[in-house]
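Student: Given next are the chains, with one letter for each unit.
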Amino acid sequence: MRLWELAHSRTGDKGNISNVSLIAYDEADYERIRRAVTAERVREHFKDVVKGEVTRYELPAVGALNFVMQGALGGGVTRSLATDKHGKCLSSYLLEMEL
Amino acid sequence: MKKIRIGSGAGYAGDRLEPSLELIEHGALDYICYECLAERTIAIAQQARLKDPSKGYNALLEYRMNAALPLAHKHGVKIITNMGAANPLAAVEVVKRIARDKGISGIKIAAVYGDDVFPRIDEYRGAAVWETGEPLERLAGEIVSANAYLGCEGIVEALKRGADVVITGRVSDPALFIAPLVYEFGWKPDDWDRLGKGTVIGHLLECGGQATGGYFADPGKKDVPEPWRLGFPLIEADENGDAFITKVVGSGGVVTTDTCKEQLIYEIHDPSTYITPDVTADFSRVSFTQSGKDVVEIRGATGRARTDTLKVSIGYKDCFIGEGEISYGGPNCVERARLAREIVRRRLELRAVPTDELRMDIVGVDSLYRNDAAPLPSSPSEARLRVAARTKTREAAAAIGNEVETLYTNGPAGGGGATATVQEIISVASILIPRADAEAVVAVEEV
Numbered sequence: 028m029r030l031w032e033l034a035h036s037r038t039g040d041k042g043n044i045s046n047v048s049l050i051a052y053d054e055a056d057y058e059r060i061r062r063a064v065t066a067e068r069v070r071e072h073f074k075d076v077v078k079g080e081v082t083r084y085e086l087p088a089v090g091a092l093n094f095v096m097q098g099a100l101g102g103g104v105t106r107s108l109a110t111d112k113h114g115k116c117l118s119s120y121l122l123e124m125e126l
Numbered sequence: 150m151k152k153i154r155i156g157s158g159a160g161y162a163g164d165r166l167e168p169s170l171e172l173i174e175h176g177a178l179d180y181i182c183y184e185c186l187a188e189r190t191i192a193i194a195q196q197a198r199l200k201d202p203s204k205g206y207n208a209l210l211e212y213r214m215n216a217a218l219p220l221a222h223k224h225g226v227k228i229i230t231n232m233g234a235a236n237p238l239a240a241v242e243v244v245k246r247i248a249r250d251k252g253i254s255g256i257k258i259a260a261v262y263g264d265d266v267f268p269r270i271d272e273y274r275g276a277a278v279w280e281t282g283e284p285l286e287r288l289a290g291e292i293v294s295a296n297a298y299l300g301c302e303g304i305v306e307a308l309k310r311g312a313d314v315v316i317t318g319r320v321s322d323p324a325l326f327i328a329p330l331v332y333e334f335g336w337k338p339d340d341w342d343r344l345g346k347g348t349v350i351g352h353l354l355e356c357g358g359q360a361t362g363g364y365f366a367d368p369g370k371k372d373v374p375e376p377w378r379l380g381f382p383l384i385e386a387d388e389n390g391d392a393f394i395t396k397v398v399g400s401g402g403v404v405t406t407d408t409c410k411e412q413l414i415y416e417i418h419d420p421s422t423y424i425t426p427d428v429t430a431d432f433s434r435v436s437f438t439q440s441g442k443d444v445v446e447i448r449g450a451t452g453r454a455r456t457d458t459l460k461v462s463i464g465y466k467d468c469f470i471g472e473g474e475i476s477y478g479g480p481n482c483v484e485r486a487r488l489a490r491e492i493v494r495r496r497l498e499l500r501a502v503p504t505d506e507l508r509m510d511i512v513g514v515d516s517l518y519r520n521d522a523a524p525l526p527s528s529p530s531e532a533r534l535r536v537a538a539r540t541k542t543r544e545a546a547a548a549i550g551n552e553v554e555t556l557y558t559n560g561p562a563g564g565g566g567a568t569a570t571v572q573e574i575i576s577v578a579s580i581l582i583p584r585a586d587a588e589a590v591v592a593v594e595e596v
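Residue numbers (this note's numbering), protein chains in the order written: chain A, 28 to 126; chain B, 150 to 596.
Since the hints were derived computationally from the structure, they do not count as laboratory data.
These numbers come from a predicted model, not from an experiment.
Among the hints, a few may not be true.
Unchecked claim - Here are the simulated BS3-like cross-link-like pairs (lysine-lysine), alpha carbons at most 25 Å apart as the crow flies:
| no. | chain 1 | residue 1 | chain 2 | residue 2 |
| --- | --- | --- | --- | --- |
| 1 | A | K115 | B | K371 |
| 2 | A | K41 | B | K466 |
| 3 | A | K115 | B | K370 |
| 4 | B | K151 | B | K309 |
| 5 | B | K257 | B | K223 |
| 6 | B | K466 | A | K112 |
| 7 | B | K223 | B | K152 |
| 8 | B | K152 | B | K442 |
| 9 | B | K152 | B | K257 |
| 10 | B | K541 | A | K78 |
What the hints assert, rightly or not - Below, a sample of chain B positions facing chain A; criterion: calculated Cβ distance under 10 Å:
| no. | residue |
| --- | --- |
| 11 | E280 |
| 12 | F334 |
| 13 | D367 |
| 14 | Q412 |
| 15 | L413 |
| 16 | L507 |
| 17 | D521 |
| 18 | S576 |
Idealized CB from N, CA, C, for every residue including glycine.
Take these sequences, add in the hints, and give me the full structure.
Tutor: Structure follows, in structure tokens:
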């Protein structure tokens with residue numbers, strides 16, 4: 028099952044760092060998602076894009092995780108050569124991950 | 150218990166106008182706040198001001214105020230905005246003229262500035278740049294602007310002096326929304342928990358429609374009613390900072406715990422430590438409760454003492470970016486786009502065009518996730534080659550698009566829709582400075 032079935036996501040940018048949230052539709056699924064979607068797995072999933080570390084923060088009160096990915100935006104929004112300079116589309120790619 | 154209502158008028162510099170007018174007319178608001186100043190925008194505005202001292206404010210200021218000012222005046226709604234950008238004083242003159250043109254009198258319009266620390270930039274040569282970790286003096290490009298993120302204190306002072314419209318330069322985004330809470334409820338500057346709650350309120354409102362179903366729809370999975378007339382959010386807060394978020398009844402969009410959760414985590418890193426000039430806010434225990442259709446209660450935010458420093462955004466002339474694109478369609482289009490990519494790469498080498506970084510994407514295949522090696526799920530009916538390079542000179546940047554355009558007569562069969570662009574890039578570097586180096590200045594004018 029893809030994460031897309033159970034969770035939704037939004038990407039934000041600060042400099043060359045991207046943060047991608049992962050929010051369970053049903054808070055009952057949070058624990059299962061938390062166990063499965065580790066920072067290491069996310070780092071591997073984004074290996075073609077993310078050049079630095081991935082840190083995971085937990086927000087159990089809203090059933091969500093926040094992945095902070097260093098070196099993810101081709102030098103940052105002002106100087107990136109990407110079409111998607113903000114990395115806005117990274118959230119959709121996280122939801123492709125198989126649970 | 151006293152309550153106030155604050156609406157979100159804009160979530161970025163070029164945002165839609167109609168939702169804010171709907172909020173002013175039908176939102177029973179006390180305040181409407183327009184957030185219109187992204188990190189780099191002020192550097193570009195500073196250059197506009199250098200060319201013409203009467204410019205350097207948001208390009209849509211007149212467009213917005215022509216419509217919003219008469220309505221806000223009629224409904225007794227105060228306007229707070231960072232549309233002053235690099236020139237809040239000039240923006241005040243514009244709004245004064247609009248007021249006179251519309252026959253509005255007896256209102257006060259305030260400028261809040263003091264964020265510009267460019268004149269003392271030499272003092273910060275040794276400061277560490279957040280983006281690179283290196284001292285500021287190692288920055289290669291010419292510095293064109295330096296603006297500190299001020300907190301809410303200047304706006305609060307303007308409101309105390311009776312301002313109906315407050316126009317700022319660089320302040321933190323949440324400060325636009327915290328200021329009316331601090332002013333109306335008399336919150337102390339070290340009431341960290343309430344300021345933390347105010348920060349969450351500001352964070353939920355500062356991106357306009359992103360809290361009301363904008364940037365949210367995923368058909369069949371997350372549906373948003375009537376997104377074409379998406380309404381913007383408003384909050385009603387009490388003196389403790391407890392609040393609910395909603396939108397005008399009958400507007401498009403949706404306010405649910407899910408829309409609020411997406412916006413809560415937007416552009417934050419450690420949720421327990423969200424640093425702003427006013428407070429170090431803690432979002433980690435925030436929760437949402439759906440208390441009615443399009444009504445969500447916000448609970449659980451706290452705060453800790455603010456830091457002793459202010460963040461400064463420094464704009465500098467970084468580089469040029471040259472780009473070119475061309476499309477291929479029909480059978481074998483991806484292979485022709487790949488051949489075109491190889492041709493451009495070789496031609497740039499043959500001409501010895503100097504680039505700092507070269508990137509070649511095939512839009513529809515690998516432009517977003519860089520996964521060119523992954524097998525295509527199906528054969529697309531079109532593919533668009535995109536070549537982009539960062540260069541030190543305008544001439545080298547122009548060569549990039551030129552070598553894409555020459556694919557018309559020198560490349561694979563059937564290329565079409567070629568484009569070529571060159572941009573001069575102003576980038577942003579961030580440093581921290583002592584808090585005392587930048588103090589808000591308030592000027593109030595009456596019409």
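Student: Enumerate the violated hints, using their earlier numbering and listing them in ascending order.
Tutor: Hint 12 alone not satisfied by this model.
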